[in-house]
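Asks: If you want the building blocks of each chain, they are given just below.
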Amino acid sequence: MGLQKRKAIYVEYAQAVPLKYAIDADNCIYFQKGKCGACKKLCPAEAIDFEQKEETITINAGAIIFSSGFNPLNPADLDLYQYNDRPNVITSMEMERILSASGPTGGHLVRLSDKKEPKKIAWLQCVGSRDMNRCGNLYCSSVCCMYAIKEAVIAKEHSEEGLDCAIFYMDIRTPGKEFEKFYNNAKEKEGVRFIKSRIHSIEHVVNTDDLKVRYLDEDNNLQGEIFDMIVLSVGMETPKDIVKLSQKLGIELSKGNFCKTSTFNPLETSIEGILVSGAFGGPKDIPQSVVYASGAACAAGEILNSARNTLTKTVEPVPETNVIGERPSIGVFVCKCGSNIAGVVDVSKVVEYAAKLPFVDYAAENIYSCSQDNQDGMAQLIKEKGLNRVVVAACTPKTHEPLFQETLISAGLNKYLFEMANIRNHNSWVHKDSPELATLKAMDLVRMAVEKISIAKPLSEAELEVNQNAMIIGGGVAGISAALGLANQGYDTYLIEKSGELGGEAKKIFKSANNENIQKELLSLIEAAQNNNKLHIRLNSSIVNVEGFVGNFKTVIASDNKEESIEHGVSVIATGGTALKPTEYLYGEDKRIITSLDLDKKFINNDNSLKGLKSAVFIQCVGSREPNRPYCSGVCCTHSITNALELKKINPDMNIFILYRDIRTYGEKEYLYHQAREAGIIFIRYLASDKPNIKIENGKISVTVQDTSLNQYLEMEADLVTLASAIVANKDQKLAKFFKIQVNEDGFYIEKHAKLGPCEFATDGVFLCGLAHYPKPIDESIAHGKGAAAKALTLLAKKKIRTSGTIADVEPLKCSSCGVCVSICPYSAPSFIPDDARFFAGKAQINPVLCKGCGLCVASCRSGALRLKGFDNDQIFAQINAAFEEAA
Amino acid sequence: MSDWEPKILAFLCNWCSYGAADLAGVSRMQYPPNFRIIRIPCTGRMSPKFILSAFKQGVDGIWVSG
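Those protein sequences? They're chains A and B, same order as listed.
The numbering of the first sequence is the working numbering, which starts it at 1 and goes up by one.
The numbering of the second sequence is the working numbering, which starts it at 1 and goes up by one.
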């Protein structure tokens, strides 16, 4: 990013996969002047190839997914912010690097001009977003509010002497799951200041490196405040080359140069067979990108269904040698890793040492243990020397253990008879100034591995058939989309719906943000489900009981008083949400005070009463962003604006007021907000502490609200008041218990991982989509449904699952049936053997399929009845005993 | 006593701290060599017996991280 100098051979970033170096040809002396080539002479692996050329490769594909991403906006052209002239004006991406432990300052928060720790930092929002005048990007980039708040909170954590953080914003947009809580926390507990404002200019403070932010506050008064540093919250843009490529291919783009999609086909471009995921389809954060990526994979799978498995090959398994009862015979391979290890550690000394350790029958060194020829050689040696255990002293097992285990398997050895000694990442790389001590440490690390593996036993992996049926619970748009995603790929899918028809909440909605007729589109989605012979719909059905686990569920459903038992391998929870019935603003006392969905109903029914309206008021955040429901319902701002514009169509002279707290038309929904203001709809901001007041006198409704920009109370008459009521989860504790899944305090299900696992649960084989996860509009629900289907498919496609070998195991004779393991396990792996069992009734047992091998139950077992295979007590004791054998 | 260095034994969770120790290596961060790491599948695996046993072996400090 230009914050720091790097060499002409570099790794892109510390977590890069693969972790390989690349040559920066623009700055390489060899490429620029044809001389040098020192790297080629020095590299012992001969990995430098100056002759590599760009190649054009032709791939035949049945579907293409565009995940081309975005570029952070370059603020250099926006003179206002002085990004080019002032070193202490940086972008949010640069701030990320400064806050990062692997960044140029090692995570130490300093400003660039004088490397001093700042005391005051300002974040300026909407740089290059929601800005028609300066950069032409009218859309909202969706993610910047949240990342600015995150950076401010982290910056405060990093600061040693106290830091003042101020965020200058137009609307704070935190509609994502758990985001509103984070915002409230930043404001109330962390003391981040939020200043609603418009930026006028940035001035350099003479004789200092400080900067003065001049801004118009909410009352339109010009204010100024001095900061040490300014962070520009830059927006997202589609890269120019992708815009060109799209135009060349004929992919239709939106006004903001994102890929144009529709509400019911959020993953499809305008060209059949070309799909879209990630920020190319509109600004997105990480969980959204993960959802859309999984969704696009599902959509591609549907297209390619007929070609499935036509190009796959199977590997012939090598029979495993039985080593039980044999004396351990250990082979130790010490890796030089070029000079990575050998440059610090005396490898030949380590080999010499290893050769003398108990049960070691072979010890040798390799330049690169991981190279293919060395793998072949190792397999050969295992067979020739009759080795029955292997230790590789090299890099980290986290990246290389699977590779070496494959080599053991190819030599007919159980893969759990393998251990790595990490003498690179944990030794040569971190002790480069103490080669002698590092060599002694390497000896100890090898000894620890040898001692551990000498008492290891071969472990088996249970194999389990995966039932090829799927069950989707909930027949709203998310559930139908998930069901179609699976059924279209040939899996028998049961769609369970508690009401008498499919469609869920979408049945009540009039138009989408893109002005599409929801009912028409919904009907064709439902018809597609009804006409699919792999999709088995059960209406008026409820779940009576669920037994089993991943790959083998058995669910009993009751439909119309008859019960049916269905076996299935995967389950998708799509139980949805509903609109809150408001308990304030006189709702229910007058038929002119209605909810957003009530208004949709009037539109759908072409209600005549709408034609005579002269004034309408919309009240936002009814039941959302409240102390007892502290989340944002995400869809209501867009919904109210869409409906307000519909009312304007009926009567352009109608006076329409939208009373809001923050307008959250994220992404390209921002156009609607713009359009609404142009159409004369009046937006009035109110504070949560002073909510609008509504009263009915002489048959007339009047709404009073304090306008925060005028600082005075306004009273308006309303022929219609629409309350944008919250989305609440269809909380179902019984279902949660059946599938062993968790519900958060707002009633929404807790996904496996907030960022990386939004479509699945921590419980294997159970997946999640739609409003049951969190409020979202129809397009996002459909993408989420497809995403859950894709995740379910990865399991179904395996047909068989193999459990890990390193899992817990019970010695029933020692078990006292106390039940601690049963209650403590986060994955529900332990259970009691049924009372009517012939042996060990009432004792604990471990389901190897569910066990993740964490060892929690092992450590908590009071009777010592549990052990963790591969990390057994005696193995860990052996490591402890060997840890400081040589280097004391 | 000036050249005395404590012997420190670390029990690191495979999924986080062990990976962090790997990353410290990738980033070439330097720390003293009187330090050994035992990889455990999760700190849930930790047993007080391991700590007592290590102290009995003459280890001066123990770090459990996960």
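Read the hints as simulated data drawn from the structure, not as lab findings.
Be aware that a few hints might be false.
In silico DSSO-like links for lysine-lysine, alpha-carbon gap of 30 Å or less [as the list claims (entries may be wrong)]:
hint, chain 1, residue 1, chain 2, residue 2
1, B, Lys-49, A, Lys-843
2, A, Lys-212, A, Lys-244
3, B, Lys-49, A, Lys-349
Partner residues are not named here, just some residues of chain B that face chain A (Cβ under 7 Å, in silico) [to be verified]:
hint, residue
4, Arg-36
5, Arg-45
6, Ser-47
Using N, Cα and C, we set each Cβ at its ideal position, and we do this for glycine too.
Asks: Hints first: check each against the structure and report whether it holds.
Replies: Do the hints match the structure? See the list:
As the CA atoms of Lys-49 (chain B) and Lys-843 (chain A) are separated by approximately 25 Å, the hinted pair is consistent with the 30 Å bound. Restraint check for Lys-212 (chain A) and Lys-244 (chain A): not satisfied, since their Cα atoms lie roughly 40 Å apart, outside the 30 Å limit. The suggested pairing of Lys-49 (chain B) with Lys-349 (chain A) is violated, with an alpha-carbon distance near 34 Å, which exceeds 30 Å. Below 7 Å, beta-carbon pairs count as interface contacts, and Arg-36 (chain B) has one with chain A at about 4 Å; its hint therefore holds.
Annotation: Arg-45 (chain B) was flagged as interfacial toward chain A, and the flag holds, the nearest CB pair being 3 Å apart, inside 7 Å. About 5 Å separates the beta-carbon of Ser-47 (chain B) from the nearest beta-carbon of chain A, less than 7 Å, and the hint is met.
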